[in-house]
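Undergrad: Build the complex: two chains, separate frames, hints provided.
As they're listed, the protein sequences go chains Y and F.
Using the numbering used here, the first residue of the first sequence is number 1, and each one after it goes up by one.
Using the numbering used here, the first residue of the second sequence is number 1001, and each one after it goes up by one.
Watch out, some of these pointers could steer you wrong.
Stated by the list, open to error - Straight-line C-alpha distance at most 20 Å; calculated SDA-like pairs for lysine to any residue:
1. Lys1268(F) with Ala273(Y)
2. Lys1190(F) with Ile1095(F)
3. Lys1268(F) with Arg16(Y)
Stated by the list, open to error - Chain F is nowhere near these chain Y residues, computed Cβ spacing over 10 Å in every case:
4. Thr27
5. Ile129
6. Asp139
7. Leu143
8. Asp194
9. Ile280
10. Pro287
11. Arg315
What the hints assert, rightly or not - Partial chain F-side listing against chain Y, Cβ under 7 Å, derived:
12. Gln1170
13. Ser1172
14. Gly1174
15. Thr1290
If you are wondering where the hints come from, they were derived from the structure by calculation, not from laboratory data.
Positions of the beta carbon are idealized from the N, C-alpha and C atoms, including for glycine.
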Amino acid sequence: MNKAANNEPEILMQVRDVVRRFIGPRTSFFGPRKIAHAINGVSFDLYAGETLGLVGESGCGKSTTGQLILNLMEPTSGSVTYLGQEITKVNKTEWRRLRSEMQLVFQNPLGALNPRLTIGAQIREPLDIHEIGDPGDRDKKVLDMLEAVSLPAHLLERYPHQLSGGQQQRVVIARALIISPKLVVCDESVSALDVSVQAQVVNLLVDLQKKLGLTYLFITHDLSVVRHISTRIAVMYLGRIVELADSDTLLENPRHPYTKALISAVPVPDPRARASRATITGEPPNPFNPPSGCSFHARCPHADSKCNTDLPEFRTIGENHSVSCHHAERLSQSAPDATSRSN
Amino acid sequence: MSGPATPLAGKPDAARETPLLEVRDLSVVFDMPEGTVEVVDQVSLTVSAGRTLGLVGESGSGKSVTCLAALGLLAARGRVTSGEVMFNGRDLLTIDEAEMSKLRGCEVAMVFQDPMVSLNPVRTIGWQISESLFLHQGLTRDKAKKRTIELLDLVGIPNSKTRFGEYPHQFSGGMSQRAMIAMAIACEPKLLIADEPTTALDVTIQAQILELLSELKKELNMALILITHDLGVIAEAADDVAVMYAGRVVEEAPVLELFDTPLHHYTKGLLNSLPRVDRKVDRLSAIDGTAPPPQEFVSGCRFEARCDHCDDSCSGKRPSFVDIGTTRRVACLHPVVVT
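Isolated chain F (complex conformation) (with noise of 0.2 Å):
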């Protein structure tokens, strides 16, 4: 296989030298009613302390199942059939089950898309934040909902008094996502992984959350993925971005580099197309046709039906990455040239 097992070599930053976690040649397959699919195939991930990675991609990209595969939380029907996860020394594919949910909810956090969905109605804001600080910290109730409170107030939820005892339903879609954030946030975990937090919140509402999550990162010099298919909130958010396109990553680079100079033509393509409400363009550059889903992917370049530039060598076999200066690289054999 011609895999992308090696990580980034010698990176500039001295904490990005030992990354938190390191996610090597992951593959996830689900094992469906007309045989088995291969969604995720051989991924390679790395974040560091301190850092936000962008994890951005369309639908059915796979990156929320490599995050899920990551922390042991697939559904029945998937499968980890080979790769490692490196978290803090530990792969975190062989550990027991015991010991994963001991690190889950603690050291590693995850946040979802929809808070009203995540959260249990019939059990009161305050409760559901200090389950986790009873679990893992074994607080009294008292010193718990002490926590709580701050939790709250770190968040930036007003009144936490009051709103401790609140039910889920009394709390709107923004203040839902900040509960989402003090829970996740309760262990001072050192990952916290945001699938698509803020798609279901209004812009006005967004901006806030991701200036709450960037600087909640600062204060407890966390690590974050970011989940999110919204290029927009990428550019916002990310220091490093990893693009994907059906189950594999094709480009990884820091985040101004990958805007400025996109080297895929997945990447590039995807940029063009946005619409912008900082310019206006007479006509969206469009890529053509769709993302393959799982059932259709091939062992060649996925996205060669799509390209403008690939020629025969680009169908046989899987594009291994090219290493573009020491920050970044891309899976293609006709990288978008930099002039």
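Excised from the complex, chain Y in its bound form (with noise of 0.2 Å):
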């Protein structure tokens, strides 16, 4: 999808400087408390219709936005806002009504399903909840859901243990779209399937995307799966986002040094690409202990001086495409795959 060519992309979602910091134990007996920022002054714009995909490592805070997104955390600072409100501040009755129009479909179905409700009954829970409809007629809508996520009938009276983990995370994706949600987050929602299962599921939340007009957040460790589905890429290091840039130029034209070294380090199924492989050394830091200046430069294969000490700007260097890193320019094209080989 084309931003620029629309006029003004309606903004469903605008997360400003949005910081989360988390309180550690102790370092001695009487010694102050370690204190790690989650999140670390996160901000981005989510259009209504795309889909954003949330991309990074275990611990660099993507899942932390995504709560943060839905309210069911707070921000130490910053702002979150729904369509101009501020949604920290919307009392308890407007609350309700918002939420209704934002779910959350996880990675794991299973433990997301009610073990002793049937199918049926946990697909028509939410309209009870949010009141939607006439009573009598939700049985019907919870059918046309089940259609909708290509499940048959006759399972409305299983249980959740009965169905395959495919068929429970459409239970899963039912049960959140029946409400008409506008923005749905995805937390590793297709991580825990099989491959050929996964596919399934992927291109069922790309058609009912398209049917209904949602707005998806998805948050995943897997380039392969973001690239598929993401209108736009987000990639997270050490609770800042480090780069954001539509999913092909992102992927293609990567500019940040940690974004290049994620791509080159997915194995792609390819025998014949196993040549092109660059890895990069160490691992993330620890949250409680950041490293001064740019949070990548020990792992960095272009950090100088200036890395160390100084933080980088996140500034936008072309359409549509944002980084923090000193040295984006002379990582362009001119310099494919200048990241660090190890051996």
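TA: Printed below as a string of structure tokens:
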């Protein structure tokens, strides 16, 4: 989708300078408590109808971001607005209404479903809670939804454990979509599924988005899935977004060395591509003890003294392309694959 | 039984003439409350020194159970009902437990998916690695410590002397997996079985661990069995591939040939359903349906229900292996036609 071609895309959600702090254990008995910034100044817009992929390694804060957006967790500072309304400040009744427009689909469907309710009852539950439609019509709606996620009607009377993993995830999706939300946060929604089933669920999510005009925030560690499903991709590292661009731009012309490293670390199902592998050394730093300057400098092959001391600003370097790296210009297409190769 | 008894004939590579491990027609059943369930059905595999066999399949396809059964590590409910596991000229299914214990952790070692669960939380990393050196090689305390520190260096754990005395909770996921690998290679095994060794790790760490495994394989001239569900990992690290589906091997091929021209419709479907980071596709071509659970395994082709190319002959009897060329074979009555 070309954002610039539309006159002005509607901003569904605006996230500005959000910080979320976690307080850790004391350093010693009388010592101060350690503080970790799980989210450290994250800003982005979520446009209506798009899929924003949020990728990064474990502990980078991508799930925390998802929770902050749905107001499941309060930010330490910063603002999250939904259609212009600050979501942390709306009152209870209003929030209840807003919440029905946002849904969440987790990784493990069996954990998200109630083992003692039939599939039909679980899909119907949100309608009852939000008192949507006439009680008599709700069962009909459940049937329609079941069909929309390609599940046979005879499953209505079954219990979650009687379904396969793929079917369970479809039920979770049906339950999330039955109250016609605008925004769906998918937190590793397809990561637990086997490849052949994963493809089915990914296709389903894409179809439903087209049909219902949904907006997805798609959180995952899997760059291959994210490339397939996303309009734009944001890469997170240690609580910050380090690069944000249209998905093709980001994957074909990454400007942050971490994005580059991440892409080249993904095993490609093509044995002939083996030689092009470039790996980075080291591991993500401990958030309780973050490095100075750019948080990636210790693992970065391009780091210099400036990177050790100055935090790079998140700046725009191209159309719909922002990056936080001092040397982003040097890392343009002219220097492809400049990341270090071990050995 | 129309078993795939004969291993691959006329292999080109001299090293592959005498396989280090040869699993023949291995079948495993589990005694469940609802009856006996066959989870591995006449699986045959071979792997030679210095080569990596990738064993790929979706969850429940029997890839882990095959390897556990080969090493006599099945849970109490599991039983091997037929087959043999020839390792270096000995059938591992007939030797007694004492002999097997000597072999495991020494000549054959295994690395599992979740290093944090496999490590003992109340013992230091150093102690846990030294343990197999005490047990299998009878080294003294000092020598074992020296060797352990060498091993930690070998698997790329920095500050090995300090790390020796640390506990598992002080190790990150990637470092724990390195420690597990150090433990596995402590006695320089001839065969290393790695069961989803990188599944729990982040991609950048996964790349490091895969690289480490392939280096160690060369250095120690080990045979490596890499069990994974990830075809990307297979493409990255395997020399030969066996694709498993519903308790059976359905296709075997050298890695390049498998990815270039998959012959079984399941392999082809699997490859087509993968989203890829290196190219953009409009729509993923998913395989309809799901893999059957072991209770519903049929005697005919088990992929029939999801296959577009089946006919009446498919449901009757188990499709036997057809050799294609000298290096590959496929268990399908209507294999993909290579153009």
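Undergrad: All hints are to be evaluated individually against the structure, with a verdict given for each.
TA: Verification of the hints:
1. Lys1268(F) with Ala273(Y): Roughly 19 Å between the alpha carbons, so the hint for Lys1268(F) and Ala273(Y) holds.
2. Lys1190(F) with Ile1095(F): holds (18 Å)
3. Lys1268(F) with Arg16(Y): Given that 20 Å is the threshold and the Cα spacing comes to 46 Å, the pair is violated.
4. Thr27: Thr27(Y) is indeed farther than 10 Å from all Cβ atoms of chain F, at 16 Å.
5. Ile129: holds (31 Å)
6. Asp139: holds (27 Å)
7. Leu143: holds (22 Å)
8. Asp194: At roughly 4 Å from the nearest Cβ of chain F, Asp194(Y) sits no farther out than 10 Å, so the non-interface label is violated.
9. Ile280: violated (6 Å)
10. Pro287: holds (13 Å)
11. Arg315: holds (25 Å)
12. Gln1170: violated (11 Å)
13. Ser1172: Result: holds, 6 Å to nearest chain Y Cβ.
14. Gly1174: holds (6 Å)
15. Thr1290: Nearest chain Y Cβ about 5 Å off; hint holds.
Hint violations for this structure: numbers 3, 8, 9, 12, all remaining hints satisfied.
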